[in-house]
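J.: Residue strings, one per chain:
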Amino acid sequence: MALLNSEDWYDIARDTNWTPRYVSEQALFPKELSDVLEMPLELLETFDEPYKVTYRDYVKTQREKDVGAYSVKAALARSQMYENASPGWKALLQMHFGAVSFLEYHSVSAFARMTRFGRAPGMRNMATFGSLDEMRHAQVHLYFAYEYLAKSRTFDWAQKAPRTDNWVIISERHTFDDLEHTRDAISAAIMTNFAFETAFTNLQFIALSADAANCGDFSFSTMLQSIQSDEARHAQIGEPLLKMMIDSGRKAEAQKLIDISFWRCWKQFSALSGTCMDYYTPLDKREGSFKEFMNEWILDQFVAKLEDMGMEKPWYWDLLLEDIEVFHHAQQLGIYLYRPTEWWHPIAGTNPAERAWLEEKYPGWNDTFGQVWDVIIENIRAGRLDSTIPKTLPMLCNMHGLELTGVPGRKWNLKDHTLDYQGRRYHFQSVVDKWIFEQEPERYAGHLSLIDRVAQGIVAPDGVMEHMNMAPEEYGIEGTNYAWVEAYDDALTTRRATGT
Amino acid sequence: MSNFPVVCGFEGDYGFKVLMVDRSSTMDDVCAVAADLLAGVVVRPVAPTERLRVRLPDATEPLPPTLTVAEAGFIELETIEIYREPRVLAAVRNDA
Ligand SMILES: [Fe+2]
Ligand SMILES: [Fe+2]
Chain A
1 MALLNSEDWY
11 DIARDTNWTP
21 RYVSEQALFP
31 KELSDVLEMP
41 LELLETFDEP
51 YKVTYRDYVK
61 TQREKDVGAY
71 SVKAALARSQ
81 MYENASPGWK
91 ALLQMHFGAV
101 SFLEYHSVSA
111 FARMTRFGRA
121 PGMRNMATFG
131 SLDEMRHAQV
141 HLYFAYEYLA
151 KSRTFDWAQK
161 APRTDNWVII
171 SERHTFDDLE
181 HTRDAISAAI
191 MTNFAFETAF
201 TNLQFIALSA
211 DAANCGDFSF
221 STMLQSIQSD
231 EARHAQIGEP
241 LLKMMIDSGR
251 KAEAQKLIDI
261 SFWRCWKQFS
271 ALSGTCMDYY
281 TPLDKREGSF
291 KEFMNEWILD
301 QFVAKLEDMG
311 MEKPWYWDLL
321 LEDIEVFHHA
331 QQLGIYLYRP
341 TEWWHPIAGT
351 NPAERAWLEE
361 KYPGWNDTFG
371 QVWDVIIENI
381 RAGRLDSTIP
391 KTLPMLCNMH
401 GLELTGVPGR
411 KWNLKDHTLD
421 YQGRRYHFQS
431 VVDKWIFEQE
441 PERYAGHLSL
451 IDRVAQGIVA
461 PDGVMEHMNM
471 APEEYGIEGT
481 NYAWVEAYDD
491 ALTTRRATGT
Chain B
1001 MSNFPVVCGF
1011 EGDYGFKVLM
1021 VDRSSTMDDV
1031 CAVAADLLAG
1041 VVVRPVAPTE
1051 RLRVRLPDAT
1061 EPLPPTLTVA
1071 EAGFIELETI
1081 EIYREPRVLA
1091 AVRNDA
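Sequence lines, in order, name chains A and B. Here the first sequence stands for residues 1 to 500, where the numbers follow the working numbering. Here the second sequence stands for residues 1001 to 1096, where the numbers follow the working numbering.
Don't read these hints as lab results, they were simulated from the structure. Remember, predicted model here, so these are calculated numbers, not experimental data. Hints should not be assumed to be uniformly reliable.
Unchecked claim - Some chain A residues judged to face chain B by a derived CB distance under 8 Å, without partners named: (1) V100; (2) D156; (3) P394; (4) W412; (5) L414; (6) T418; (7) H447; (8) I451; (9) A455; (10) I458.
Note that CB positions come from ideal geometry on N, CA and C, so glycine has one too.
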């Protein structure tokens, strides 16, 4: 039987905007779920997917990708890569699988909602493949994590994380529920596909996969590349929609969605990937600093893309540039100090050589972040390990959900941006986090951070670990058993011996 | 057990911490809690020549050391700063 070429039937086959007879158009596509801005249907129907793929071709390609990723994994199963990896790389893997697996799984339903409530047939088609992509991402994550489980119980968090109230997980959920799961199909697509996937995941997976290859972790590197190839396709759902919003006089609304989403993703990305790049990845395996990566791969490219589309840089650009210098350094301190509250085994990444690198990449690091590390180092060298874990809770930001941090040391700059709303005081790290809240207070006001739960007596101060579903044997422990501090003894001995 | 939370920015620290105090705690009591939990942990220990002070964010003057949390009108999760003052300076105020 002769088969038609796909371009001969594709447009007709995917034109599924039928006229409903049993329910009204509004009942079928309520605007709260479909398009709060009510763009005209004729406009939406012009959505032309940049990537046209048939189901048959899709399945064929995806199968090949899976075969590639799983066979590299199988081939390297006995390679002892994990056993021989540096403590930092182990921490990175442990953190990654706990933090990312459930986000992949949740994305399945985010795309499914676009499929159900999107009004453009082309968008629905792409989102269907997007759902299948995310299912694959969730499965490959869970499979890889399961394989690691025999090596470390920390990988159990690939399964467990979303069912806990661990503070890192709450922060992630708050962010991604906001962008992906609690908006109409079009807003969610702008926030998820355009701002998050185009700007961050796309490049994040490239950078992480390069670092993985440098570290000899070829199965992780292959897995990330395999996922990345899907992201590059389904991230493109956002662009045609953005163009329609601009063309129909909804540019300001589009700009706001991007500004909110970009900042929220930035905070997550900075805390989780920034620390991995500048502290967890072994010094000799680093491609560059997180700041360099941000500037080259994210800021330049994202701005070029925005300008290309006729959009502006987010209004907070100068604040973002300042934040790139500091936020992840402060988060790294907190992650290290509060290690029992994390499922992974954090490392410091601040031995003398690493500090020299940090000072070179971030001039002034020693005078600021280094000052807190000095206190920690002194405690470890004096055997006061107890004092390396604070006995009081850190304050969390009511928007990003991570620690409310600033700049320590000699250039101390720590600000709490508060807002009183309906009898409750909210605390934000920055004017941007506060601005996001102010755009739609009722969206965010009901959420209680872990600290709010303690303050309101819902959780007892000594019941926090239990509330976070952390069993004592899961408390994060120091990834190097404090061995990194020995380099300071060596450095001191050398200095004394040479009289310098 | 103390159950009144304040949000404390200890001069030099990288982030705010939550301290549990009482409504009847004085500013000096609050400083003592902060010193106990944070000095020598995230900031260097308090030297004998230094005295800790509480001030509201952006304020230049400290709150009186005997003022209580209730008298100061703090709400739960009130934000404060704790900073070091050389005792020689504190002596000028007669509360070194
Ligand atoms: Fe994904
Ligand atoms: Fe994706």
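J.: Hint numbers the structure violates, sorted upward?
T.: 1, 2, 7, 10
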